[in-house]
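> Listed below, chain by chain, are the residues.
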Amino acid sequence: MSAEIKYITEPHPITGVSNAKLGIWLFLASEVMLFGALFSTYILLRVGSNHWPHGWEELNVPLATINTVVLIASSVTMVMAWASVKLNQFGKFRMYLGLTVLLALTFLVIKFFEYRPKFDHHQVWLHDGTSMRGHLTEDDDEQDYILFTRDADKEHPDVHHEAEKIERERIFRHSSFGPGHSNFFGTYFTMTGLHGLHIIGGVIVNTWLLFPGAVMFRTNRERFAGRIECAGLYWHFVDLVWIFLFPSLYLL
Amino acid sequence: MDTSPYGWWFPPNISMHGAGIDRIIDVVHWFMAVLFVGWGIFFVYCLIKFRARPGHQASYQLPKAKISKVAEVGVLVFEVFLLVGLSMPVWSKYRNDPPKAEENPMEIRVVAEQFAWNFHYPGADGKFGRTHPRFMAADNLIGLDRSDPLAADDIALNNKFYMPKDRPIVLRLTSKDVIHSIWIPVMRVKQDVIPGMEIPVWFTATQTGHYQIGCAQLCGNNHFTMISDLFVQEPEEFRQWQLEQKSSGGEEEEEEDA
Amino acid sequence: MSHDDHHHGHSHGSAHAHGDHHHELGFWQKYVFSVDHKVIGIQYAVTALVFLFFGFTLMMLMRYQLAYPKGTFPSFFAKIFGAANMPGGTMLPEFYNQLGAMHGTIMVFLGVVPLAVGGFGNFVLPLQIGAPDMAFPRLNMASYWVFFVGGVVMLFSFFVTGGAAQSGWTSYPPLSNIAPFGQTLWLIGMVFLITSSLLGSVNFIVTTVQLRAEGLSFFRLPFFVWAQFVTAFLLLLAFPPLEAAGVLQLMDRVAGTSFFMPEGLVVGNRMVEVAGEGNPLLWQHLFWFLAHPEVYVLILPAMGIVGEVIAINTRKPLWGYRLVVYSVIFLGFMSFIVWAHHMFMTGMGTTMSAFFQTTTMIISIPSVIILTAFVISLFGASIRYTVPMMFALAFLPMFAIGGLTGLPLGLTAADIHLHDTYYVIGHFHYVVAPGTLMGLFAGVYHWFPKATGRKMNDMLGKLHFWGTLIFLNGAFLPMFWIGMAGVSRRLYDQTKYFHGDAVQDLTVLSSWSVWLLGIAQIPFIINFFASMRVGKKVSDNPWAATTLEWAAPSPPPHGNFAVVPVVYRGPYEYSVPGAASDFSPQFVAKA
Ligand code: HEM
Ligand SMILES: [Cu+2]
Ligand SMILES: [Cu+2]
Numbered sequence: 001m002s003a004e005i006k007y008i009t010e011p012h013p014i015t016g017v018s019n020a021k022l023g024i025w026l027f028l029a030s031e032v033m034l035f036g037a038l039f040s041t042y043i044l045l046r047v048g049s050n051h052w053p054h055g056w057e058e059l060n061v062p063l064a065t066i067n068t069v070v071l072i073a074s075s076v077t078m079v080m081a082w083a084s085v086k087l088n089q090f091g092k093f094r095m096y097l098g099l100t101v102l103l104a105l106t107f108l109v110i111k112f113f114e115y116r117p118k119f120d121h122h123q124v125w126l127h128d129g130t131s132m133r134g135h136l137t138e139d140d141d142e143q144d145y146i147l148f149t150r151d152a153d154k155e156h157p158d159v160h161h162e163a164e165k166i167e168r169e170r171i172f173r174h175s176s177f178g179p180g181h182s183n184f185f186g187t188y189f190t191m192t193g194l195h196g197l198h199i200i201g202g203v204i205v206n207t208w209l210l211f212p213g214a215v216m217f218r219t220n221r222e223r224f225a226g227r228i229e230c231a232g233l234y235w236h237f238v239d240l241v242w243i244f245l246f247p248s249l250y251l252l
Numbered sequence: 001m002d003t004s005p006y007g008w009w010f011p012p013n014i015s016m017h018g019a020g021i022d023r024i025i026d027v028v029h030w031f032m033a034v035l036f037v038g039w040g041i042f043f044v045y046c047l048i049k050f051r052a053r054p055g056h057q058a059s060y061q062l063p064k065a066k067i068s069k070v071a072e073v074g075v076l077v078f079e080v081f082l083l084v085g086l087s088m089p090v091w092s093k094y095r096n097d098p099p100k101a102e103e104n105p106m107e108i109r110v111v112a113e114q115f116a117w118n119f120h121y122p123g124a125d126g127k128f129g130r131t132h133p134r135f136m137a138a139d140n141l142i143g144l145d146r147s148d149p150l151a152a153d154d155i156a157l158n159n160k161f162y163m164p165k166d167r168p169i170v171l172r173l174t175s176k177d178v179i180h181s182i183w184i185p186v187m188r189v190k191q192d193v194i195p196g197m198e199i200p201v202w203f204t205a206t207q208t209g210h211y212q213i214g215c216a217q218l219c220g221n222n223h224f225t226m227i228s229d230l231f232v233q234e235p236e237e238f239r240q241w242q243l244e245q246k247s248s249g250g251e252e253e254e255e256e257d258a
Numbered sequence: 001m002s003h004d005d006h007h008h009g010h011s012h013g014s015a016h017a018h019g020d021h022h023h024e025l026g027f028w029q030k031y032v033f034s035v036d037h038k039v040i041g042i043q044y045a046v047t048a049l050v051f052l053f054f055g056f057t058l059m060m061l062m063r064y065q066l067a068y069p070k071g072t073f074p075s076f077f078a079k080i081f082g083a084a085n086m087p088g089g090t091m092l093p094e095f096y097n098q099l100g101a102m103h104g105t106i107m108v109f110l111g112v113v114p115l116a117v118g119g120f121g122n123f124v125l126p127l128q129i130g131a132p133d134m135a136f137p138r139l140n141m142a143s144y145w146v147f148f149v150g151g152v153v154m155l156f157s158f159f160v161t162g163g164a165a166q167s168g169w170t171s172y173p174p175l176s177n178i179a180p181f182g183q184t185l186w187l188i189g190m191v192f193l194i195t196s197s198l199l200g201s202v203n204f205i206v207t208t209v210q211l212r213a214e215g216l217s218f219f220r221l222p223f224f225v226w227a228q229f230v231t232a233f234l235l236l237l238a239f240p241p242l243e244a245a246g247v248l249q250l251m252d253r254v255a256g257t258s259f260f261m262p263e264g265l266v267v268g269n270r271m272v273e274v275a276g277e278g279n280p281l282l283w284q285h286l287f288w289f290l291a292h293p294e295v296y297v298l299i300l301p302a303m304g305i306v307g308e309v310i311a312i313n314t315r316k317p318l319w320g321y322r323l324v325v326y327s328v329i330f331l332g333f334m335s336f337i338v339w340a341h342h343m344f345m346t347g348m349g350t351t352m353s354a355f356f357q358t359t360t361m362i363i364s365i366p367s368v369i370i371l372t373a374f375v376i377s378l379f380g381a382s383i384r385y386t387v388p389m390m391f392a393l394a395f396l397p398m399f400a401i402g403g404l405t406g407l408p409l410g411l412t413a414a415d416i417h418l419h420d421t422y423y424v425i426g427h428f429h430y431v432v433a434p435g436t437l438m439g440l441f442a443g444v445y446h447w448f449p450k451a452t453g454r455k456m457n458d459m460l461g462k463l464h465f466w467g468t469l470i471f472l473n474g475a476f477l478p479m480f481w482i483g484m485a486g487v488s489r490r491l492y493d494q495t496k497y498f499h500g501d502a503v504q505d506l507t508v509l510s511s512w513s514v515w516l517l518g519i520a521q522i523p524f525i526i527n528f529f530a531s532m533r534v535g536k537k538v539s540d541n542p543w544a545a546t547t548l549e550w551a552a553p554s555p556p557p558h559g560n561f562a563v564v565p566v567v568y569r570g571p572y573e574y575s576v577p578g579a580a581s582d583f584s585p586q587f588v589a590k591a
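Protein chains in written order, with my numbering: chain C, 1 to 252; chain R, 1 to 258; chain W, 1 to 591.
Same shape as in the complex, but just chain C (with noise of 0.2 Å):
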């Protein structure tokens, strides 16, 4: 062919990026675009709202201070992996990229366990403005009343509530601490939902520059290389998001 698209591998003599690069920064430009729509969200809800727990109270640090080694570790390992394809080093490279994917798999799987417990606790506000926390006994739609186990006070940690009856014309609604709880479960979910999305992407994309992507390590490693590179660049992106994620959420 007398055209061929140029720039794809060598960068171009006066921007110094190859097409891809130059890409990727794109792509991220507008990904901090959505982030930071849902950043202003979260800090306008909040600012509006007259009750917004602290996140520490509600959600698990522990969980989330785990993750978040996790992933700054899978951020290491990934730079590491690109190092190994600009030394030739095939098997390093995949022992590095393969652990960057066994890191974000780690990441997704703490987030279930961290995700699962929430839809199991529920919380019921009456008519008359008071409301309880505690755990969903029975709800029978053909009864006019649900039964419900409240938690421990936090004063006598030890001391079991029975389950009770409520009657459901007291109830105004119930819900569990799923999205649907408040806008701070509501944002909790949605960014932290929409974060371990691009977080399976990356694992995608890397698990095929594993296996069937790194075929190209043998027939064209610089551009290899370059690929290597711009799935970094949004592995570290997708990092920095939880980095901005992890205090606003969890911290504060």
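Hint data in this document are derived by calculation from the structure and do not stem from the laboratory.
Possibly wrong hints are sitting among the right ones.
What the hints assert, rightly or not - Simulated crosslink set (EDC-like; lysine to aspartate or glutamate; CA at most 16 Å straight-line):
1) C:6 with W:214
2) W:537 with W:458
3) C:165 with C:138
4) W:496 with R:229
5) C:6 with C:222
6) C:165 with C:142
Once you've looked at the hints, dock chains R and W with the ligands against the given chain C.
For chains R and W with the ligands alone, kept in the frame of chain C given last:
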């Protein structure tokens, strides 16, 4: 038909502040017309004068076009005038300058819902009874707490609004469900009504008569029926009307259009 | 592009450049899952034209309801739409609202943007910068197919229970939160369309930055490329917030959150059981943060086409080329800080309204400059009244009306009366319908010879032009008076209002114009399809133009150019004194 005050330009204006709004719209349109006609004359001249024809050649030289710079600066200057001279003063009066207590304004709560305007008058005591969404029902559209003594003389009207002329009216706009927008064409008043917020608007009528209050924001299937009658009365007539109202938290029968 | 044309190109030897690598692609790879920017461009353009026509058809239906609110539809329609939408021939208000919301959505996101950016951008931009293709051909294909899926989801939503989205194209919550299932599909469709645009815009920017031919500096770029380039940035940065908003609304609808719902909502006298504390205005901010730049996405590519066509057909350089380019860039920047002028009536304070009024007045200046530059370009010209030129010229006064009528809407005091009335509908349609559509038609007639090697018929073209010009104005001009009288938009029956009844005659006039406008498109449709087969064959450069796309064979083969072009001069060197002909192409060393 030909006696109708409504035609192909502005609807009649019966508010104190409306003239300012009409003036700015008029001025802007004259300005636009001048620009468009001036620009159009040049355009048509070029289209004819510079059409391709045998013996005619385009010139590579670009015209200096000093006049266009003059025109652009002129546009800019005029826009500043529109902004600072006309628009901002009207707006700040409209939004930031509520009637003072000595003007004896009358406050009414407006509760918009799909697809009706509810008006809550404080009644003779001038104080609103308590309301809460929990009390809202087909016979209590504004959710008046009937156990509140202040509510005893409150008046609630559905899709009918009575007001005296020459007295400032302050509407406190709320919505039960979705976003509506109160639109009183003859009063030159428009304001979105947003659930979760209470937004005030104010105006003073200068003429009596039967008019309409509409909704300017799509609020569901029957958005187009969300029209309330508006009766502007002489102050004396209004006082009379107010006395005749039995206090209620309910609604009245629909009345046929006069 | 038909099969014949393709072979025609080959037999004339213009496409032998890639002959040695030539391996026959199957039908699917060549026309359906093609990675060639020209095929993708044509796919986009044809799909978008179909959607435009569909969106227009919705409007023709609505106009019947508007003109004859007390009448019933002919039984033919009643049969098609069935009792769910038109019982006994009476259009239900919910159906009217669906048509309205979907007209807006389809026209903007499935019609104009895909045609202007996906169609013309894809087809023309790589050619104009002398590139063999887009930087990421497969990504390009993906963005078309993602767009296509988004379109299918949108259309499908008409057939679900409760019908399509019906809360306006702006989908303001809480109304949209409590709307039927079609709204969920709308949101999902939007996520696809946004993703498609993001992929596309990355591709356009990279292509423009990296793949320009040798000698083609930024200030030698044709104006069309500049327009697309700025557009791509707008799409890239403005769309993500809408995507975020879409996700939030989706959560509100399916996961029970209440980002956009405050406490204490009562619908049908029942309290809505949500957590509350949300903010309906949040959506509007996020939406308009996209949707105002989106307006420039709708207009800039059309401006680009018009600039191109005007330069070529005036046979002289574009006046103030650099000034115009700077104006476009400035426009792009400013478009990010005017969004709240759509929200003046939400109870905004004086400071904020003063800020947004001022930015709005400022953003009008570059538009004035561009328009002025285009008219001054006519001075001293030798105007060839070709069909594309007639459309391009008509764009100017139409866009002028659209721009001027934006002025009163940008002044808060005047906006009190005009906000959400037909005046607004008239204003933005003068920008996007008589404006943008005129520009896009100009582009179709202008680049048709490049895509097919054949010209469209002049007679039919002129017929199309006059019909379109007259009836577009007939449709939209009355709206200024209707709006001035106070008639709100999105009204199923305006005659319930005193002031609406008074201008009903104008509404009837507008409706008839819309239907005649539909008839005026028949010559275009015939011309478009017939010319592919029997249109006059023309040379590679039938308009005697200077930019690079005319250096390629018509239609250009895969890889585009027989010889990799080198650029020697600016884009619009016409009637250069002492030159051999009245045009000095960018790609010819000595003219
Ligand atoms: C060319 C023929 C067109 C006609 C006759 C037409 C007519 C109309 C009318 C009468 C309305 C108001 C409907 C109502 O308020 O109930 C409307 C709304 C709208 N149109 Fe068009 N239009 C046309 C083309 C376009 C184009 C090309 C675009 C966009 C690029 C467009 C975008 C819109 C939008 C965004 C709305 C607002 C929808 C809403 O209220 O949610 N239209 N159109
Ligand atoms: Cu309403
Ligand atoms: Cu409404």
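> Run every hint past the structure and note whether it holds.
Structure-based check of all given hints:
{"no.": "1", "hint": "C:6 with W:214", "verdict": "holds (12 Å)"}
{"no.": "2", "hint": "W:537 with W:458", "verdict": "holds (13 Å)"}
{"no.": "3", "hint": "C:165 with C:138", "verdict": "holds (9 Å)"}
{"no.": "4", "hint": "W:496 with R:229", "verdict": "holds (12 Å)"}
{"no.": "5", "hint": "C:6 with C:222", "verdict": "holds (14 Å)"}
{"no.": "6", "hint": "C:165 with C:142", "verdict": "holds (14 Å)"}
Of the numbered hints stated above, none is contradicted by the structure.
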